[in-house]
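Using the sequences provided together with the hints, build the complete structure.
Residue numbers (my numbering), protein chains in the order written: chain U, 146 to 260; chain S, 490 to 605.
Be aware that one or more of the hints could be misleading.
Stated by the list, open to error - Under the rule of at most 20 angstroms between Cα atoms (straight-line distance), these lysine to aspartate or glutamate pairs were calculated in the EDC-like manner: (1) U/Lys187 <-> S/Asp574; (2) U/Lys194 <-> S/Asp551; (3) S/Lys511 <-> S/Glu564; (4) S/Lys511 <-> S/Asp551; (5) S/Lys541 <-> S/Glu571; (6) U/Lys203 <-> U/Glu233; (7) U/Lys194 <-> U/Glu211; (8) U/Lys187 <-> S/Asp531; (9) U/Lys203 <-> U/Asp230.
No lab work stands behind these hints: they were computed from the structure.
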Amino acid sequence: AQSVTQLDSHVSVSEGTPVLLRCNYSSSYSPSLFWYVQHPNKGLQLLLKYTSAATLVKGINGFEAEFKKSETSFHLTKPSAHMSDAAEYFCVVSRASGGSYIPTFGRGTSLIVHP
Amino acid sequence: AAGVIQSPRHLIKEKRETATLKCYPIPRHDTVYWYQQGPGQDPQFLISFYEKMQSDKGSIPDRFSAQQFSDYHSELNMSSLELGDSALYFCASSYRPGTRSTDTQYFGPGTRLTVL
Numbered sequence: 146a147q148s149v150t151q152l153d154s155h156v157s158v159s160e161g162t163p164v165l166l167r168c169n170y171s172s173s174y175s176p177s178l179f180w181y182v183q184h185p186n187k188g189l190q191l192l193l194k195y196t197s198a199a200t201l202v203k204g205i206n207g208f209e210a211e212f213k214k215s216e217t218s219f220h221l222t223k224p225s226a227h228m229s230d231a232a233e234y235f236c237v238v239s240r241a242s243g244g245s246y247i248p249t250f251g252r253g254t255s256l257i258v259h260p
Numbered sequence: 490a491a492g493v494i495q496s497p498r499h500l501i502k503e504k505r506e507t508a509t510l511k512c513y514p515i516p517r518h519d520t521v522y523w524y525q526q527g528p529g530q531d532p533q534f535l536i537s538f539y540e541k542m543q544s545d546k547g548s549i550p551d552r553f554s555a556q557q558f559s560d561y562h563s564e565l566n567m568s569s570l571e572l573g574d575s576a577l578y579f580c581a582s583s584y585r586p587g588t589r590s591t592d593t594q595y596f597g598p599g600t601r602l603t604v605l
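Spelled out as C-alpha cells, the structure:
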C-alpha cells in the first residue's frame, strides 16, 4: 500500500522569497517519487523525480526536492519564487503493478505568489 | 520534443450521450494511462494499457471502456454520460516495463468534458 500526504492545501509567498511545499509518503517498497506542476487549465508537467540515485534532486525552473527516508518526506523547495510559479503542485508516489506503474497523487498544494 | 497528444481538447455533451476521447502517446512509449480530474480534485487513475492489453484498472465506471490500438494510441469510450462525469480527462504515457524510466509518466494537456 502507498499513500501521499501534502501537508498544506495552500501556500502563499511573496515574489523573491523561498518556497517550501511539504510532502510525506508511505510505501511498502522503495518508492519512486515525483513532483508535478499544473497551471490553470493545463496538463501536468513533470518537475522532478527521485529514483534513489541521489537524495537531493534538481528539477526544472529552479525547483529541487530532498528525499529523507527517516522522515518519509520529499519536500519541494525553491530559493526564490517567481510570479510564474503560481500553480497547483502534486506530490506523487509510484508503485509497480503488472506491466505498468500506478501513481498515487497527493491532494495538491496551491502555490500563491504575491508581487 | 514530441508530447502526448489528446483530442479533442474540449467536448460538450448532453446527459445520456456517448463520448470518445483519444490519446496519442509519445513516440516509443507503449504504456498508456487514463486519469479523471474533477474540479479542485487530484487526478484519479482510471485504467492503463501495455502492449494493447489492459494492465491495471482503477476507479473506472462500468459505463466507461478503453482500448489501446496497434499504433499504441488509446481511446476512452464513455456511455450514458452523467453530470458527474464533467471533468478533465488526462492521458499519460511511459516507456515499456523493464526500464527504470517506466515509472515516469508524461501527461497530455487533457480533454475537458462538460456534460449538460
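Check the hint pairing U/Lys187 with S/Asp531 against an upper bound of 20 angstroms on the C-alpha distance. 13 angstroms, holds
For a C-alpha distance cap of 20 angstroms, please report whether S/Lys511 and S/Glu564 respect it. 5 angstroms, holds
Quickly compare the C-alpha distance for U/Lys203 and U/Glu233 to 20 angstroms and report which way the hint goes. Since the Cα atoms of U/Lys203 and U/Glu233 sit roughly 19 angstroms apart, the hinted pair holds (cutoff 20 angstroms).
Does the structure keep U/Lys194 and U/Glu211 at a Cα separation of 20 angstroms or less? 10 angstroms, holds
Take the C-alpha atoms of S/Lys541 and S/Glu571, compute the straight-line distance between them, and say whether it is at most 20 angstroms. 28 angstroms, violated
Hinted pair, alpha-carbon criterion (20 angstroms max): U/Lys187, S/Asp574. Please report holds or violated. This hinted pair holds, its Cα atoms lying about 19 angstroms apart.
Is it true that the CA of U/Lys203 sits at most 20 angstroms from the CA of U/Asp230? It holds: about 16 angstroms lies between the C-alpha atoms, which stays within 20 angstroms.
Does the structure keep S/Lys511 and S/Asp551 at a Cα separation of 20 angstroms or less? 19 angstroms, holds
Decide if the proposed pair is consistent with the structure: U/Lys194 and S/Asp551, CA atoms, cutoff 20 angstroms inclusive. Not OK: U/Lys194 and S/Asp551 at ~33 angstroms, beyond 20 angstroms, violated.
Comparing the model with each numbered hint stated earlier shows that hints 2, 5 do not hold.
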